[in-house]
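*Asks:* Protein chains in written order, with my numbering: chain B, 192 to 748; chain S, 192 to 748.
There could be a bad hint or two in this list.
To spell it out: a stretch of chain S is covered by chain B in this simulated footprint if at least three of its residues, at any positions, have a beta carbon under 8 Å from a beta carbon of chain B; those stretches are [as the list claims (entries may be wrong)]:
id: 1; stretch: 332-340
id: 2; stretch: 403-411
id: 3; stretch: 489-503
id: 4; stretch: 600-606
id: 5; stretch: 616-629
Since the hints were derived computationally from the structure, they do not count as laboratory data. Only a predicted model underlies this, so the values are computations on that prediction, with no experimental measurement involved. Backbone N, C-alpha and C fix where the C-beta goes; we use that ideal spot for every residue, glycine too.
Here's the letter readout for the chains.
There are 2 protein chains.
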Amino acid sequence: MSCTSKISVLQEARKAYQPKLPGALKSGKFAVKELSVVEPPRDADEIKALFPNTFGKPMVQIVAGDGKLSTDAMNVGVVLSGGPAPGGHNCIAGLYDALMAVNPASKLYGFLSGPKGVFTGKYVEITAEMVDDYRNTGGFDMIGSGRDKIETDEQVLGCVKVLKELGCKALVIIGGDDSNTNGAVLAEAFAAKGEKLQVIGLPKTIDGDMRNEHIEASFGFDTAAKTFSQLVSNVCRDSASARKYYHFIKLMGRSASHVALEVALQVQPTITLISEEIQERNLSLNDIVNEICRVIAERAAKGLNYGVIVIPEGLLQFVNEFKSFFKDLEDLMRQHIDAIESMPDKDKYPFVTRHLPPTSSALYASLPVNLQDVLLRTDSHGNLTVSQLETEVFLIDCVKKKLDEMAKIGSFQGKFAAQPHFFGYEGRCGQPSNFDADYCYSLGYAGVQLIRAGLTGYTVSAQNLDAPADEWVLGGIPVSSMLHIEIRKGQPKPVIEKCLVDLKGGPFQAFVTCRDEWKAVDAYKFVGPVQYWGPAEVCDAPTITLELEGKKRKAAK
Amino acid sequence: MSCTSKISVLQEARKAYQPKLPGALKSGKFAVKELSVVEPPRDADEIKALFPNTFGKPMVQIVAGDGKLSTDAMNVGVVLSGGPAPGGHNCIAGLYDALMAVNPASKLYGFLSGPKGVFTGKYVEITAEMVDDYRNTGGFDMIGSGRDKIETDEQVLGCVKVLKELGCKALVIIGGDDSNTNGAVLAEAFAAKGEKLQVIGLPKTIDGDMRNEHIEASFGFDTAAKTFSQLVSNVCRDSASARKYYHFIKLMGRSASHVALEVALQVQPTITLISEEIQERNLSLNDIVNEICRVIAERAAKGLNYGVIVIPEGLLQFVNEFKSFFKDLEDLMRQHIDAIESMPDKDKYPFVTRHLPPTSSALYASLPVNLQDVLLRTDSHGNLTVSQLETEVFLIDCVKKKLDEMAKIGSFQGKFAAQPHFFGYEGRCGQPSNFDADYCYSLGYAGVQLIRAGLTGYTVSAQNLDAPADEWVLGGIPVSSMLHIEIRKGQPKPVIEKCLVDLKGGPFQAFVTCRDEWKAVDAYKFVGPVQYWGPAEVCDAPTITLELEGKKRKAAK
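Next comes chain B alone, as it looks inside the complex (with noise of 0.2 Å):
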């Protein structure tokens, strides 16, 4: 056995697995028709002032028939931004095989960790030999990835200055909103210099928030919501084998509660909390908790003493105290970032409770130690990094004291034992789904028509997902089409609107109508890991969500 051999079995099967393209992509000949155009959400003139020369552009689809695009050599330019998700080394394949397919002499430069690799002039050539290394391949690793914004005059013009040097003539960002926002900006600052250099956009995340009714899905969601599914799944049949705890287990996601909607519906867990919906009922943390005792309390008058409680990692950030503590916090740490960050720990909780106002002081002051620290720590894009807060370890405490208190007057009379785990890292990174491994490649391959179309400042769009891959409907939207503009460490700046969870849309009403039962009596459905061959129904469907959507979405026609 070789020390350093790095293929297992399953990647080397999964080798030969050929993506499905739509048909559309199929074909070899392909036109990008214009459709009509979208006007953003709102702010529209703030928009269009801010991108002046990219404002104002129709959305394409991408067709059979002989649009007379180019065919001369092309030199592309990708990076990957943000967080992993499973398939984004599909989107880079696609990319590839695209350009072969137009002229062999094109070439594909690969930036290293992040669009820092872009300004600094950081690539590699991307050879066949290294995309078939990573097809079907989980993961960032290719070409790695971070976190660093293309922001001030000076990294837009290294840009241009290696881009050129490079003879690209276009640059692919693979990310999610704030990347996509940023190669928007970018792309318009390309064209306010006068440089022909155009900006492609391809929709990731795993926490299915960049979307909207022309980009049904962002890749990497499928794959980890079913690997989170399978997570989920186990416990539960863990649970009601040893009929011993409550698992209280939160899943990666950021802020929209997409990912646990999803689990709910494939597992059926005891309790799902959604986090749109706590925020539209304006529930406090008292009512959270309540309602999950009130739960356990029944259950337990029928010697039920377990069960699974799903947690969205942005739970807290849509309760109503915790809203407007959140952003007394930001505020804060704008203001005094430097002051906090040179004190010893012991000062620091000690300093932001008193500089932060009544409501939100009193708040913090409450938090135990590990949390008041967490909360401290902000990202690069100014979010606060929610991952670190242990929410369910937080729940668990809530609950304990609540059951302790309803006891103590007779109204629990059962045993309550609770495990915490977080679910995120497990499933940003696995071998991508057959749906996310044909919808990256698809989305690498459309994305250079539209280069090829001149476009710049579009993200490729994609509709039908619910239908098999042969049906699906790939094209282009212009970024400014979904911007609007938001508050950010203080400032307004344009951001792609987060799609949060529809409390009106299929997959939520699904939920409504089910979860009742689900508290009441064991519901669980057994997902299993994510499988690459067999049956049809079993590896090539995709989410319930999208299902639903789909369903939802042709009744109202």
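Start from chain B and add chain S according to the hints.
*Replies:* Frame of chain B; chain S shown alone:
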């Protein structure tokens, strides 16, 4: 979508899977051939004195042929004992199908929630529909499990009464070493009382520590180790993509390091700690921490500030200063358990500190409070609840302190950030792999033949498991052959010798050959999720542990 439809598409498809049986068990007519008598590894006289009626019986092998075993209808009871392991339901399916093949008037009774269900008479009759609903599924929820032992004469008499009322010829106990020992004690007690009731055991445990040359694998190890390998592999890919964190991953496995070693061989993470080696070489906590820091510093010098460190759950039990500490703690707990349990928390830890011998007292006082608290809990078998010890968090703490010291003197010039993980509940209840589905079914099927042969106090044995299922050799080994005397809660008790990692064995030697390279460069293998369909080398392969042990065995002949 039905609110309580319990079947996922995978589970539906998996119902059709027909487990593979060894050739001898496919033949329809069996003989149970006597082999030699095997002496217990030591304490033979004490064991003989404890098991006068059941000691000194021969091992047996099930072969094709007409052994003229009885074809009378048989009533058999089955009980699940201890933590869940993937495939337990297939043991029951194998028992059921074998009974029906002998005589369709036979009955299988499942006792509920573990051994306590036997002497309290809580049971269900296992029907064809029930079995079909649970074929090839994970978990133990078909009839539930429990950790109670059948110890007192009253409990033994309770078992006799219940089993005789049901007309049972035999009881099958599906459990690990403690449960199989309990089965032997029960068999002896029945025989001593002149009862014809037989007791047969099936060897379970995901930990892989109930095995020897006659029982080559304990069921559930295959699926659990492969599931953990999937998750660790995903984290490795994440680590190499984000390039930010050292992931310290503790794995369930109780005492032995079989699970961690299998994961090391499957995934090739940066560092894997093997407890048995640490004990053999008498390494201290400092030695372990220093080695981890040495590797981190060397990787940092190459710009690699990330990696994955796998930690077996039982690690601290094998570290010299902790070994005597755990013993002193167990002694103290036994003496003062009532006093300690009635004290408020804030009094417990000083009490323990005061009452421990000096070295152990100093060690206890140096631990963080949550670790001090967790150490005061034991299960009903007298084992420390090791899965509650946050060893991974403790190690991160120690490593960070050491790296800070090294940074001050310039011998570490990198960045260290860590993420702790504990994989356990995610892996205990997965759908069994093809190997476990086949193995468990075969164990159950073989168990019925041992009952027909009139044997009692036996555990089903299994050899040649690295070969295809058709070539497996199933039989039986008297439990008393596997027992020796150990002190448990201060009393000498017969126990099955735990199988620890053999430092001269094939798996560990393969690990030693390669581990230094895996520390220096990234050599991760991306294992992916367990597959049920696809190429045989993907979905029917045994563990690497079994493969290497098999190779070594054949080479030795």
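*Asks:* Against each hint, give a clear statement of whether it holds in the structure.
*Replies:* Each hint tested on the structure:
no.	hint	verdict
1	332-340	holds (count 3)
2	403-411	violated (count 0)
3	489-503	violated (count 0)
4	600-606	violated (count 0)
5	616-629	holds (count 7)
The structure fails hints 2, 3 and 4 (numbered hints given earlier, in ascending order).
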